[in-house]
Amino acid sequence: MKAFWTTTWTAALVLATSFLAIILSHIALGVGPDSTPWPRLGTIVVFFWMLHRPGTMNVPVIFLLGLAQDLILGDIPGAGVLALIIAVIVLDRMLPPLRTMPLVWRWLGFGAFISVIFAIEWILTSAARLAFQPLDLVLLQGCTTIVVYPVISVALRQVLRIGRTPRRAL
Amino acid sequence: MAYQILGNGIGFWRLIGRGVGVAALLAAVAIYILGATSDPRLQTLRELALDVSAPVTGFFGAPLRMIRRAAGNAEEFLDMAAYNRQLREDIVGLSRWREVALRLEAENAQLRALNKVTLAPRFDYITAQVVGNSGGAFTQSITINAGRAQGVRPGTVVMDGTAAIGRVVALGENAARVVLVTDASSRIPVSLKPGDIRALLIGDNTARPKLQFFSKPGQVTKGQRVLTSNHGGIFPKGLPLGTVDALVDNVVRVAPSADFQQLEFVRLVIERVDLTIDSDAILIVRADGRVEQEKPDQETEE
Chain A
167 MKAFWTTTWT
177 AALVLATSFL
187 AIILSHIALG
197 VGPDSTPWPR
207 LGTIVVFFWM
217 LHRPGTMNVP
227 VIFLLGLAQD
237 LILGDIPGAG
247 VLALIIAVIV
257 LDRMLPPLRT
267 MPLVWRWLGF
277 GAFISVIFAI
287 EWILTSAARL
297 AFQPLDLVLL
307 QGCTTIVVYP
317 VISVALRQVL
327 RIGRTPRRAL
Chain B
341 MAYQILGNGI
351 GFWRLIGRGV
361 GVAALLAAVA
371 IYILGATSDP
381 RLQTLRELAL
391 DVSAPVTGFF
401 GAPLRMIRRA
411 AGNAEEFLDM
421 AAYNRQLRED
431 IVGLSRWREV
441 ALRLEAENAQ
451 LRALNKVTLA
461 PRFDYITAQV
471 VGNSGGAFTQ
481 SITINAGRAQ
491 GVRPGTVVMD
501 GTAAIGRVVA
511 LGENAARVVL
521 VTDASSRIPV
531 SLKPGDIRAL
541 LIGDNTARPK
551 LQFFSKPGQV
561 TKGQRVLTSN
571 HGGIFPKGLP
581 LGTVDALVDN
591 VVRVAPSADF
601 QQLEFVRLVI
611 ERVDLTIDSD
621 AILIVRADGR
631 VEQEKPDQET
641 EE
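Heads up: the protein sequence lines correspond to chains A and B, in order.
Counted the way the numbering used here counts, the first sequence spans residues 167 to 336.
Counted the way the numbering used here counts, the second sequence spans residues 341 to 642.
Bound-form chain A, shown alone (with noise of 0.2 Å):
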């Protein structure tokens, strides 16, 4: 019956910060070109999930997750859960290690998964609408998004740890 709880804690808890993630990078701040591009918070809970809970954090579960991103970003539908699904399967041996290793690791293993989903989103976007998209707004929300990722990361291990803490004895 535990084991039944726990599960189902962490498969609610890594889906509701995943969303709320996502829901957190479409608020509007700063609307047009001339704003800073905001850091795509889903795709950093998407690893972070990836690394601590790979069971619950599954193939299924990144294809929805990508899907709404695509959508509620308002992004070509398709185009970021593909680029998502091929980066998972393109590095899915890096992440077994990094999981052990120090935050500075696991940080530029984010880099890299970071790296991959942009290129190929770039590519795919570009593809659809026949031109090639501006590089330089690319870059600066993959850079962002990478500065942000150990701030997220530091976050999301103290919520690990919501419901770990053990009783004090009254």
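Source of the hints: derived by calculation from the structure; they are not laboratory data.
Do not take every clue at face value.
Listed next, the stretches of chain B that the computed footprint assigns to chain A, with coverage defined by at least 3 CB atoms under 8 Å from CB atoms of chain A [said to hold, decoys possible]:
1) 357-363
2) 376-386
3) 396-410
Covered stretches of chain B (in silico footprint by chain A; criterion: 3 or more residues with CB under 8 Å from a CB of chain A, positions within the stretch not fixed) [said to hold, decoys possible]:
4) 477-487
5) 517-527
6) 544-553
Glycine residues also receive a C-beta, built at the ideal position from the N, C-alpha and C atoms.
The hints should help you fit chain B onto chain A, whose structure is shown.
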């Protein structure tokens, strides 16, 4: 071989896992093809995402927007003296223009009343709040909290205070997605004044969209106003978009009039039906902009 037909060996689950992975990849490819070709079958999913995400985004965005507004207010407060002086000067200038506008409006109404005139379609306006932003490198779009229930239709033109900023491309019950004029998929037929030069305003995800396909090439100069031209029938004629800003590497760039950074509320332009005026009618222009006609003969007959 690790795989067993009815067994529970590790190979079986690995095979299932790979099958799911391949299925997800194929599904993503299919969705991408549908999305890239703007297939209407994705419409339901888009509407669902809009209706679900817009209220949640509005809720979580409220405190962040409040903080941003407070920071902006603090900045204005520090510069209040200069700001007040500027406002007073603007009020004096605008008062003069108001008198001119009222005189011209009355004169216009009288002239129209003398002829059998079919007025251009007039418009109603809905105000909506910007709750979401694509915030990405590939798309320049916003989400607003007005949708089908408020009378918004696909293609509805969206303005900030004075200038057109984009049009509605996806519609939910209480939310809509607006693609901005700077988006790479935006194409707007425009007219350059003075000179009445027709062209196409093409967004490319930069702050300065470009102009192409001029009806009179070589007559474009910096500072010309860029207005919508109604070719194609989506944008009404004469809405300001910006001014010709610069000619860089043989590409004419436009500086949009809208201040996207301050975009918090937008106006949606809803088209109304035509109004035909008879020669003997009196045209009444109400203070709120409504136009009505009255026939004196009918009143005397009664």
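Whether chain A covers the stretch 477-487 of chain B (at least 3 residues having a Cβ closer than 8 Å to its Cβ atoms)
Since 7 is at least three, the answer is holds.
Taking 8 Å as the C-beta cutoff, is the stated coverage of the stretch 357-363 of chain B by chain A satisfied by three or more residues?
holds (count 3)
Count residues of the stretch 376-386 of chain B with a Cβ under 8 Å from any Cβ of chain A, then say if the count reaches three.
holds (count 4)
Verify the coverage statement for the stretch 544-553 of chain B against chain A, using a C-beta to C-beta distance below 8 Å and requiring 3 or more qualifying residues.
Coverage by chain A holds for the stretch 544-553 of chain B (4 residues, Cβ < 8 Å).
Tell me whether the statement that chain A covers the stretch 396-410 of chain B is true, taking a Cβ distance below 8 Å and needing three residues at minimum.
holds (count 7)
Are at least 3 residues of the stretch 517-527 of chain B within less than 8 Å of chain A when you compare beta carbons?
holds (count 6)
Every hint, counting from the list given before, is met by this structure.
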